[in-house]
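**Student:** Numbering (the working numbering), first residue to last: 1 to 588.
It is worth saying that the hints were derived from the structure and are not from the lab. Being a predicted model, the structure only gives us computed values, none of them experimental. Take the hints with a grain of salt, since some may be wrong.
[As the list claims (entries may be wrong)] Below 35 Å or equal to it, Euclidean Cα-Cα: the simulated DSBU-like pairs (lysine-lysine) are:
1. 112 x 188
2. 169 x 112
3. 188 x 392
4. 169 x 188
5. 112 x 38
6. 38 x 392
7. 180 x 112
8. 180 x 169
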Amino acid sequence: MVRKYVAQVRRGHLITPSGPGALTLLPNRVSIIVTGPKSWMRTRPVQEPGAVSLLDRLSIADRHLQVATGVNRFVQPPSADSPPQDADWVLPGARFPLMEACMNRDCRRMVKRDLIDPNEGRCDVCGGKRNWPTHQVATVLACPDGHLDDVDWAGWLHDGDPCQTPVMKYAVAASPARPKLECETCHKQAQFDPDVDFPCPGARPWLPGTEPEQCQQRARPLERSSTTMYYAHQETSLTIPVAGTTNPVLTHALMDNPVLSPLRMLDQNGRRQDILFQMVQLAGQLGIVTNLDDLVGHLDALANEQDVPPARELELDALTSDLYTPSTAGHLPDLIVEQRDPSAYTSTHLGETLTGVSAVPRLRETRVLTGFTRVEPAVPDPARGYAQMWGKSRPEVFAAGSTDDWLPGYRVYGEGILIVLDQDRCLRWANNSAPNTRITSAGRALPSRLTNDPSRGVLAHTFAHLLMRALAPESGYPLPALRERLYVSDERTAVLIYTAAGDIHGTLGGLVDLVEPSRLSVLIDQAIDSATWCATDPVCGEANPDLGGRGTTPGACHHCLFVPETSCEAFNKGLDRDVVTRFVQSLA
Numbered sequence: 001m002v003r004k005y006v007a008q009v010r011r012g013h014l015i016t017p018s019g020p021g022a023l024t025l026l027p028n029r030v031s032i033i034v035t036g037p038k039s040w041m042r043t044r045p046v047q048e049p050g051a052v053s054l055l056d057r058l059s060i061a062d063r064h065l066q067v068a069t070g071v072n073r074f075v076q077p078p079s080a081d082s083p084p085q086d087a088d089w090v091l092p093g094a095r096f097p098l099m100e101a102c103m104n105r106d107c108r109r110m111v112k113r114d115l116i117d118p119n120e121g122r123c124d125v126c127g128g129k130r131n132w133p134t135h136q137v138a139t140v141l142a143c144p145d146g147h148l149d150d151v152d153w154a155g156w157l158h159d160g161d162p163c164q165t166p167v168m169k170y171a172v173a174a175s176p177a178r179p180k181l182e183c184e185t186c187h188k189q190a191q192f193d194p195d196v197d198f199p200c201p202g203a204r205p206w207l208p209g210t211e212p213e214q215c216q217q218r219a220r221p222l223e224r225s226s227t228t229m230y231y232a233h234q235e236t237s238l239t240i241p242v243a244g245t246t247n248p249v250l251t252h253a254l255m256d257n258p259v260l261s262p263l264r265m266l267d268q269n270g271r272r273q274d275i276l277f278q279m280v281q282l283a284g285q286l287g288i289v290t291n292l293d294d295l296v297g298h299l300d301a302l303a304n305e306q307d308v309p310p311a312r313e314l315e316l317d318a319l320t321s322d323l324y325t326p327s328t329a330g331h332l333p334d335l336i337v338e339q340r341d342p343s344a345y346t347s348t349h350l351g352e353t354l355t356g357v358s359a360v361p362r363l364r365e366t367r368v369l370t371g372f373t374r375v376e377p378a379v380p381d382p383a384r385g386y387a388q389m390w391g392k393s394r395p396e397v398f399a400a401g402s403t404d405d406w407l408p409g410y411r412v413y414g415e416g417i418l419i420v421l422d423q424d425r426c427l428r429w430a431n432n433s434a435p436n437t438r439i440t441s442a443g444r445a446l447p448s449r450l451t452n453d454p455s456r457g458v459l460a461h462t463f464a465h466l467l468m469r470a471l472a473p474e475s476g477y478p479l480p481a482l483r484e485r486l487y488v489s490d491e492r493t494a495v496l497i498y499t500a501a502g503d504i505h506g507t508l509g510g511l512v513d514l515v516e517p518s519r520l521s522v523l524i525d526q527a528i529d530s531a532t533w534c535a536t537d538p539v540c541g542e543a544n545p546d547l548g549g550r551g552t553t554p555g556a557c558h559h560c561l562f563v564p565e566t567s568c569e570a571f572n573k574g575l576d577r578d579v580v581t582r583f584v585q586s587l588a
């Protein structure tokens, strides 16, 4: 494979921000769009007969996420650090945009390239001693539902006065979004207006060979380097260990792997020695060291596992329990929780409202790409997300042996701090603040699981942002490395601030070190104090919830509350500093 045609992308970045439908650059500076899983399957390397399939080896599973997304499993993108057969799986891209313009200022003619051509463009018109290069245009057409296409430059220029044989010229102006256009045939010229919109053509260039969809949205011009070009949506879940298991790697293989999990189901119908020996052999092929007794113990533990409540409730139960201590000898555990005495924390602002603190030195999280939007961030419907990935509707039930029963996903390992607030005080304050227009407006933008009680949802969300901004400088992690996880139910209100990375050994411990009472109490007070003012006040603090676009963040901006969108569960919406300030005042 020619190196200039291969872009190195981190495994996690193929989920976000460079997942299917996103634009990236090849080393030769050609812009391409990352194609969907359907195209990935076409480039799988040929395997030896009898070997565990590449899909099975890279498969992971999570019961809660499988139910939420409607697929059977998730597949990790191949990694260059994986075994050679994995590293040889090069994922394809497609050239986009296809429209280019000659860089010779005496020529400037536009030309359309082929989507499978990875070479630098050259002008075939101006000729001469120098074969002038062409550059891809800066502006493309995007719609909120994710569709993407080249702008119809000739159609826009000749609107209402069509030219029979248009020959377009394109010149970059002071702003890349406002190029100068000219038709060499009829000599019509104008400067492009990026504020116009177009009927959405429904094109899906990340799914080569698929027909355009019918779309009722209006598409608008966007610079291809704009941050609004691609909003990936992830579903995530923390791993909760199964009681009675000691080897997390074997446990996950029995639950997740498409080769071992059917044999586990077969074992539940009647234990057979030949099946057990076959499972031990397959585990060895997957790189899992085990024996017959160890395997039987894990099968029994999985058979005794009970049905579990919704994922967030189960996660919070685990994060506030004393069952997950670092006692799993010989294996890296999926979760370690160290509960702390809340009375040791002397926060001036929260006082006894701080009813629970847990240090989480180790956690494991599954992240899955479930779809994407453009122009404005939004949460796509799971069925719509599957159609975006595969170019077809998601079946109700996947056939046995399906190779399209998955979405891209991966796992990360890290650490965190959990803070639980007193539920009675939170409910009392929420009931008193229910008529507040600011809270009602901000609460509308929260994820659906938080909208039943928007007051507590906005409170927990805003508190998490304040805490992240206070913890980042002290923990040694940059702010983009921290993430929030909100737990708001009828029984509890809590926030988890955590960080995670792809290395199975986890992160460095800088965040968990801050859980000591003398340090965390001060940081909590500093975070709450920072809610009382902003460098842009009074504009920020007195924002009118009725103003278009600001209603979902009536008291928040980049100076005081916003964090990188990958760190936030609600795309920096549903925030208001005033909520935290009023809550603390109610405690006094």
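**Student:** Now tell me if each hint is right for this structure.
**Tutor:** Here is how each hint holds up against the structure:
1. Between residue 112 and residue 188 the CA atoms are separated by roughly 20 Å; this keeps the pair inside 35 Å, and the hint holds.
2. Distance check on the hinted pair: residue 169 and residue 112 sit about 12 Å apart at the alpha-carbon level, within 35 Å; holds.
3. Of the supplied pair hints, the one linking residue 188 and residue 392 is violated, its CA atoms being roughly 42 Å apart against a limit of 35 Å.
4. Proximity of residue 169 to residue 188 is assessed by CA-CA distance (about 10 Å); at most 35 Å being required, the pair is judged to hold.
5. A C-alpha spacing of about 25 Å is found between residue 112 and residue 38, which places the hinted pair at or below 35 Å, so the restraint holds.
6. Straight-line distance between C-alpha atoms of residue 38 and residue 392 comes to about 10 Å, which keeps the hinted pair within the 35 Å bound.
7. Proposed proximity of residue 180 and residue 112 is supported: the alpha carbons are some 18 Å apart, at most 35 Å.
8. For the hint pairing residue 180 with residue 169, the CA-to-CA distance comes to about 8 Å; that is within 35 Å, so the pair holds.
In terms of the numbered hints stated before, the structure departs from hint 3 and from no other.
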